Structures are given as C-alpha cells and as structure tokens.
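These protein sequences, in sequence, are chains D and S.
Reminder that position 314 of the first sequence reads as 314 in the numbering used here, one-by-one numbering, no gaps.
Reminder that position 35 of the second sequence reads as 35 in the numbering used here, one-by-one numbering, no gaps.
Don't read these hints as lab results, they were simulated from the structure.
Under the rule of at most 25 Å between Cα atoms (straight-line distance), these lysine-lysine pairs were calculated in the DSS-like manner:
hint	chain 1	residue 1	chain 2	residue 2
1	S	K107	S	K7
2	S	K270	S	K7
3	S	K270	S	K256
4	D	K82	D	K214
5	S	K58	D	K150
6	S	K107	D	K150
Here are a few chain D residues that sit away from chain S, every Cβ distance over 10 Å (derived from the structure):
hint	residue
7	V31
8	D44
9	A199
10	K239
11	G241
12	D242
13	N341
In silico contact screen, one side only, chain S against chain D (beta carbon under 10 Å); selected entries:
hint	residue
14	G98
15	A103
16	K131
17	G141
18	S158
19	P327
What you are looking at is a predicted structure, and each value in this text was computed from that prediction instead of being measured.
For every residue, glycine included, the Cβ atom is placed at its ideal position computed from N, Cα and C.
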Amino acid sequence: MTTADATQTRSVLSDPGVLVPGPGYEVSGTVERYRDTFNRTLRDELDRDADVFIMGEDISGGFDRDTNEPLDAWGGPFAATKGLVQDFGPDRIRDAPISEAGFVGAAVGAALTGLRPVVDLMYFDFVTVAYDQLLSNAAKSRYMFGGQTKVPLTLFARSGGGTGHAAQHSESFYSMLAHIPGLKVVVPSDPYTVRGLLASAIRDDDPVFLVNDKKLINMEGFAPDESFAFPLGKGRYLKHGDDVTLIGMSYTSVVCKQAADMLAEEGIEAEVVDMLSLSPFDEEIIVESVMKTNRVVIVDEDTPRASMASEFAAIVADKAFDYLDAPVKRVTGPHTPVPYNKGLETAFMPQPDDVVSTVRAMLDGE
Amino acid sequence: MRITKEKLRWLYETMYRIRRFEETMLEQTFRGNAMGVTHPSDGQEAVPTGICAHLTEKDWIGSTHRGHGHCIAKGLDTKAMMAEIMGRYTGQCKGKGGSMHIADFSKGMLGANAIVGASVPLAVGAALTSKYRGMEDESVGVAFFGDGATSQGVVHESMNLAAIWDLPVIFACENNQYAEATPAWYAVSTEDIAARADSYGIPGVQVDGMNVFAVYEAAGEAVARARAGEGPTLLELKTYRYHGHFHADDPKKYRKPDEEEEYLERDCLKHFEGLVTQQGAMTEEELQGIRDEIEQEMQDAVDFALNSPMPPIDELYSDVYVDYSNPLAGLR
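For reference, chain D alone in the conformation it holds in the complex (with noise of 0.2 Å):
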C-alpha cells in the first residue's frame, strides 16, 4: 500500500523506534508493508552482486507449457520474490521442486564454488526437511576443512502462529538454528530492520537465516529509499523505560511494544529491547538495560524449553544477577505444538495482556 506521498524523511538517531545508527542521520524513505520492503532488498542485491540468485518453490510461480516461461503466478510465497523473474530471468529466479534437502544442500554446493545463493524455504517448519544440509554441511564445512572455504549461503522461511496454519505451518523453534554453531540467526521485526538485516545478511560470508514471522508481513512501517547493510548481532531499543526491561524478537518486539504501551497508561515505564539478531546476539544491550531496569520479562513465541527465552534468562542470572530486584520472567508458547483452533491459537501466542499482567505481578511482589 505504498503512495507516493508517503516518502519521507526520518531522523533516524532521534527516532524512538530506531536507535541505532542507520545509514545517516536523516534518511530519506517510505511508509510501505513488511513484504514490499523484503521483495525490494531483494532486487537490490540482486542488482548490486551478480553472484546472488534465489531459489525456493514456486518462487517463480509455474511456468506455461506452451513456451516454458515461468509464470509469476503467485509471486512467489507470500509475494516474496514477486516480478523478480521477470527481470532477472530463471536462472537467478530458480524455481525448485519440492526437494527441501536437494536444494538446500545444492545451495551450500554453489556456495562453496562462490555463488551466494538466497534460498526461500516457504515456511519455517521446512527447516526440518533441510536440518541436515544446514547442521553438517553449511554450517560446518568452514570449520571442518581447517578454514578453507566459506559458506556465504542465505535462507529465509516465514515462521509464527496467528494465520491458522495449524500445527506444521506455524513453528518459531529459533533456537534449533541458533544452536548450530557456524550459522547465524536474524529476526527483524519491521520494514526497517529487514531492510537492514536482509541486506547484511545476503552480503554476509557465513550463512544467514532471516526469519520472518508471518504476523509482520502485512505490517507497514518506515523504511529507507536507500539499501543499507543493519549490522549483525546487534539488538535495538524500541522504547526507553526506567521500570522493568520487556526483551522481545521477531514479531514478540511488536508485542512488547504494545505491552509497554499498555504498561505506560498505568504509569509502569517498560523498556523494550528488539533483539534482531539471535546468533551472534546483543548481550551488551541486555545486560545494559537490566541493569538500569533491575527487572525483566523475556518474551517468545517459541515453546519454552531450551528456547531463546531461557538463553537470554541465563545471560540475565550470569551477568547481571546483582542487579535483579525480581525473578527473571519468561512469557513462551506452551510445551504443546501449534494448535489450529482460533481460540487455542490465540492462547498459544504470547499476548500483550500477557505480558502487561506478568509485569504487574513483578511489580506487585516487591
């Protein structure tokens, strides 16, 4: 839903939701959704490297049996790769079969020849059909072959509940890749961030997996004219609080700013830290915040056992314990996998209200 009218200039460094240094002080951009942000950093870099070509299902969207030209038809997943066929050509759009594990491990191939593949793995839960090409073969071959080479591999999925996706379309499991050493996890959270981080990531010579959570990709937001590279490993402020620090990735950001919000009109002034990047991860911004705040709620729509949430608790409990004037608190998932019932969906997302109402038991306790 981009107008004409909506380009703007940002102060960036003075703006609340953008408090890390982005390409300038003053930047010029648009209002527009997640995904038309996503779609146009991919012609981008597209344009800038000729190495960079993407592949995925349906990324090219059928082809027409008469004369073999891909079709567009769905602009690929969720619009993602949308008209980039039609000006890059199949070659650089590279419509795969549903062979998860056969492309996957195809991309780190060219990767190691010195492609930069981009790979458009659908939904997050394909991860698991590829586990095996990431885990052993992306992520470790640098290490294994004594630094030899170097895996500049790029992957993206749509994650998250919320859609009725039920079950096996619906997984946030960050944490089963921000396990792997030798992969790197980002998780931007408005047009702003991916613009950034999709950028770096793609320009990046390890391999990267962006996850997109489904709930942001009809989201508008302000993000620059200009392609600029977000560093890696670096999380944000989204709002600056002196009360309890609210730790937030990924679409769970958008919730605790809207739990901030809520929390403000009581007068409780939360802090809201965007994490972005889960492997390397801002550990610096965390433990700066708890230790101005004394409290903080961890929040993640992962299921809780040995999730992101509990990673970023025992960051918390080992740098910045003496600060804590509360039990570290965590709002997840369930232990339960995604269910498709509106009503037990909804449950299962960490909500606002959650979060506001664990905030006010911290506060109550003391």
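Use these hints to put chain S onto chain D, whose structure you have.
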C-alpha cells in the same frame, strides 16, 4: 580406446599411490598414530582413478567417509593427507577434519563428508555454479558415493534436480556391495543401481569398477556429455573393498571367503599390470620404478606427519565463522 603413455603411467601411479596410502595409513592407525576411525578404500582404486583422469583442478568432486582415494586421484598431497589423519597442524585441514573430512578447494576437492549421501547435493551445487557461469565445458561436478547412499532421500532429490536443470554432473556410485555390514542385495530394491537412472530420465551405465580402462572409458563419455551441456549421467561402478567398513572391522563376519577371493583375483593393479606388459605398453621395470617412487613418497608422508606439530589449542575456536561477535569459548 586410445590412452597416451603419459596417461597410462598416471593411471598406474595413481592406483598404486592409493593402494599404498591406504595400507600405510592402516598400519599407522593400528600403531595408534591416527587419532580416530579410518575407512580404507583399497580394492576400489580403479574408480576414482579412471574418473579423475578426465578432470582438471577446475572440476569439483564431492567425497565420502571412504574418501582417501578420491583425494589422491584429484591430486591432493599425500603428506598433508597423512598429517590430517594423524591430527597434525600441517594436515590438509589443520587437523580439525581428520580422515573423514579431507578437503582441498585449490584442487577442486569440495571436502569429504561423513553423512552418507552428502556429496551428492554438494556436487550438484558445484555443477549449478558452473552452469550459472556458463562454464560447463571447463567445470563439471562429480559426486562419489557408495551403494549405501542410494537409499538416502537427498540423493534421489539431487538426481532429480540435476536432471530437470541439465546440470553438468556425474553421479559416481561406487558399489562396493556393502553399506557397513549390510549387503546391497538386501538394501537396494533394484538388481542394478544404474537402472535407477531411468527414473530420472538420465543415462545410467554399469561399469566393472575393478577394471580401470572400463572406468576410464565410461567416465570419459559421462564427462564429455556434461561438458557438452547434455546433463548428468549415473555411473554404477561395481567394486570391492578389501578391508572392513573401518580399520577395526572384520569383514569376514559378514562376507564369504570365496567372494573376497574372487575380487582379489580381479585386483585392479594386477589387471593393469598384466594387460600393459602383455601388450608391451609398459615394461615391468617401468612399473617397478613407479612402485619404488611411491614407496619413498609414503615413507616421506609418514615422517612428515609424525614430525609435524599438533594444532595450538586456540584452533578450537577459529574457522567457525568468517566473522562473529559473540564469544565462542564454552562456559566453565
């Protein structure tokens, strides 16, 4: 089939180098000088030799846990290989990969992998790079894999991808007839593995993998097809490993003696020596000269490896990423 004298010499030299490397490596393993398990490929030498005879450093090969022969045939240095098996800092991968993960990207060797079937998508990816760059005539991918790998899903997926995209790749199935202890007659649904090529619409050729000339000829056609942009070929090379699955495995527990004897009779070196001396293409003196040189090379490789330093402990943390901002050390 015409083979130059130089190539003939190379075939013998390469097969004999692999044979002696495996025997020497096993001896060192039993002396406790290797740091882990090793999977010898002696008996199978004709396969990598006959195939790599058609390749240059711009071609890529993917390899397996039983990969020493592939490495040697692709021109890797036996000193650095022996040092790698002994876990030394001078090894091909600084001692961090070991026997199952030898790699040399400067020689077009994509690295050996120990997940069965892993070489196949990687070689397909290398072929994809070649086609992407319009370099099929000078760079093809070769996936070496065993009969065991033909039951892996990713192998079928990769063959389908290569077929629909006409990629310059050769699927070299070394059918040594045993996946660990499990015989191919039990685990493979078809009589011949080559027959599976039909289901991808690509040529499938069964080859006597104990005869280097048969391998050389079949591989020549497959490589020429790939270089001409005509797509992939599946080669099934019927061969035999003289030792067990790994150094300490006794294959007599699951193989019949008459079968072992039959293949020893058809030994690739014996076959080559008989044929070239009979036809007057090479003399016994020439062959002996090659054997002597390689004997010395093996001694040098062992000496080099044994006298090489261990990797410094800091190597534990290097080469995980090109760049990473969090600490890599564990928590103590």
